[in-house]
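*Asks:* Under numbering that gives the first Met the number 0, the first residue of the sequence shown is numbered 0, with each subsequent residue one higher.
Read the hints as simulated data drawn from the structure, not as lab findings. Beta carbons: idealized from backbone N, C-alpha and C, even for Gly. Take these hints with a grain of salt, some might be off.
What the hints assert, rightly or not - Have a look at the derived ranges for each label pair, beta carbon to beta carbon:
hint, residue 1, residue 2, range
1, Gly-683, Leu-724, 16 to 24 Å
2, Gln-279, Pro-102, 35 to 43 Å
3, Thr-203, Ala-391, 28 to 36 Å
4, Thr-203, Asp-43, 14 to 22 Å
5, Gly-411, Ser-706, 53 to 61 Å
6, Asp-350, Glu-312, 49 to 57 Å
7, Thr-455, Glu-361, 22 to 30 Å
8, Pro-699, Pro-180, 49 to 57 Å
9, Ala-578, Glu-312, 51 to 59 Å
10, Ala-188, Phe-325, 20 to 28 Å
11, Pro-499, Tyr-725, 43 to 51 Å
12, Glu-723, Gly-683, 47 to 55 Å
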Amino acid sequence: MALQDEPSAAPSGLAHPLVNGKLLVPPVRPGTVGRGRLTALLDDDSRRLAVVVAPAGWGKTTLLADWARRGDPAVAWLTLDDSDDEPHRFWTYLVSALRTVNPALGGAALKALRVTEIDPLEVAVPSLLNDLDAMTIGRHALVLDDYHVLRDRRIHEAVEFFLGYLPRSFRLVVASRLDPPLPLARLRAGGELAEIRAAGLRFTGDEAAGLVNDVAGDALDTDGIAALVHRTEGWAAGIKLMALALRAAPAAGAGPPGGDERHVVDYLTSEVLDGLGDGQRDFLLRTSVLEQLCGPLCDAVLERAGSHLVLAELERADLFLVPLDFQRFWYRYHRLFRGALRRELATVAPDAAPRLLRRAAEWCAKSGEQEQAIRYLIAAGDRRAAAELLAASDDDFLARGAIGAFLRLGDGLGAEVVRADPRLAISLASAAGFTGRLHRVAPLLDLAEAAITAGTAPAAGWRSGHAAVLTLRAVYAQDGWTPEELLAMARRSVELEVDPEIPGWVISRIALGSVLSGTGHHDDAARVLAQAVGRAAAVGLPAFTRLQATGLLAMSLSNRTDIEPVRVLLRGVLPEVAAIEAELGEAAAPAVVFLRLAEGVVAHRDGRLIQARDLLLHAAHLAQITGHPTQIVRALVTLAELELARGDRRAASAALSEAGEAARTGPVLPAVAAALTETRRRAGRDPTAVTGRAGGPVEPLTDRERSILRALCGPLSQREIGAELYLSMNTVKGYSKSLYRKLGVTSRAEAVRQGRDLGLI
């Protein structure tokens, strides 16, 4: 990732350009067989979740598309693919899908998702749930098709959280080849789950007759239909294949295999593909390498013209071609059909696929679809070309907020390819740190450092590759290093970056200033950070990074007796802070948290204690959103100091309790840890118990919230609670925030006391 935009970048526009076809309900062919016995299950308003689970070819998508097009409930649709297996990308598409049925939904959530530093559970998902809860008109549903392509545990946890707080007027429908990793047993026990599986999807005789008649006319009588249903076990794809065969050769006596896909290739070859003309057959086989098809792309891959006419002809022939937009420009093959075509291509032309995929990659790259071009190059086995294109496109991925996709593509290259290009390894390490995958940073930096030689060109925006590595280690790979080692790395990076006209000069000094501040060298930090802030705009750093650096400078200056320099600094930057908060809401937290914290410190020093408390509560909330332990502890300790000045030791103790919890979730820089210890000493023990509320919580607790509440009683940190419950720490935090809201408390200690008073634990 281009490091001039690190450690944070202000995104613009949506997180990445959307493939609109993924948000459209798939077109349903005239004559599609109605399946009222199944749509009745989908219409049941008492079921919060409906799952349609069966192998390929059982008609899941057709059933749901036919149901969705009836108009009640209003159905949003999202067709998932492998590229969506990343939280920010998944939620961006999900919110965008919902906006197709209600454009007023999710505006704030989409803005939050533009900031990839913020976990979707922190801002975007709660904001979306609030929007859904505010809807009072009509019934709504969301279909997630091909959910089985998602493997990222964070997505499944967030979907479970989302599902747990959906309003009653809204339902989620999941279509998958496998049981989704969601709490099905709990929902089933509570009567909130509707299930349609392969047994329910089997076509009855009447349904099969309707399908066969639509494709092949009255080629079979009642006995023939019954025999067909028996032979195919009601498998939709098998019945469709047989109907196509009957249309081509009405006297054919062979039938398709039973209800699985083990022998589909043989059947398609003998009964469907062999019955096509050479031109159509060749077109199908060679374009099967494409995930999505359009006329110009097929022309480029096949080195011919007129592919759009062939696509239209194939659609009219009903040969498993699915249109992805109403203009009939983009298509895809039915996945089962495409798999069969790919296997046949490998048999008849084993060397063709890589050549075809390279042509597809070239067309995509010229069309600005770098991500898809890289996927095609990887599929073609040309990993080095994919690495070159990925490295050259890092700024594009960053500008689109697609950093998770950048990192995932890098994973697909393999360690040897990444090791051969240290600049790519540095970009991937930066992307890993930027998206919170801190455990990935050090191994990637090790690869880069081992490969850098005297002749290695530095990463974009840097004078020295070694300086980039050292800066990233100081910022992101702090585990296992002493404060002295971190300082040494940051100082060495500054020594290597001697050109003030390039971003590396500024970024290395921001990193050094951050480490100096965190280790208690506040005057030195202020001096270095002032240099960085003074040059940040000139070298083109984005607003997000400039505001972060200015916040670090403000906090370093606030440790001095004279607060006037902080006041002057804030006076110049607070209008920009207000503007970015107005644009991004709480998702602006990484950019503004220290500036709001410094503003609260100034108000405290000025004796404006009520205003200072409001500012510091806001800063503490922003710090919680960022998820960085050092920022959280620093904000809460500053708030506790104010509460002590106001004489509210109970509030101070609550803030310190939360600070202690945050300190146990990850590394906290020494100066901040020392401030926590000192403020705890001054606060002493909290002599005041929290008074229990009469009655129960305003809202009943969910099962997950109860399990979190029970876990909070023990000594485990949020990270350890997550490990015990098989949840990520951010998911635990999400449930804890909802739990605190329902109990009317603000800290873990208060939640436990309140829970005991109410008999919940």
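*Asks:* Hint by hint, say whether it matches the structure.
*Replies:* Each hint tested on the structure:
{"no.": "1", "hint": "Gly-683 <-> Leu-724: 16 to 24 Å", "verdict": "violated (34 Å)"}
{"no.": "2", "hint": "Gln-279 <-> Pro-102: 35 to 43 Å", "verdict": "holds (41 Å)"}
{"no.": "3", "hint": "Thr-203 <-> Ala-391: 28 to 36 Å", "verdict": "violated (56 Å)"}
{"no.": "4", "hint": "Thr-203 <-> Asp-43: 14 to 22 Å", "verdict": "holds (21 Å)"}
{"no.": "5", "hint": "Gly-411 <-> Ser-706: 53 to 61 Å", "verdict": "violated (36 Å)"}
{"no.": "6", "hint": "Asp-350 <-> Glu-312: 49 to 57 Å", "verdict": "violated (28 Å)"}
{"no.": "7", "hint": "Thr-455 <-> Glu-361: 22 to 30 Å", "verdict": "holds (28 Å)"}
{"no.": "8", "hint": "Pro-699 <-> Pro-180: 49 to 57 Å", "verdict": "violated (25 Å)"}
{"no.": "9", "hint": "Ala-578 <-> Glu-312: 51 to 59 Å", "verdict": "holds (54 Å)"}
{"no.": "10", "hint": "Ala-188 <-> Phe-325: 20 to 28 Å", "verdict": "violated (42 Å)"}
{"no.": "11", "hint": "Pro-499 <-> Tyr-725: 43 to 51 Å", "verdict": "holds (49 Å)"}
{"no.": "12", "hint": "Glu-723 <-> Gly-683: 47 to 55 Å", "verdict": "violated (32 Å)"}
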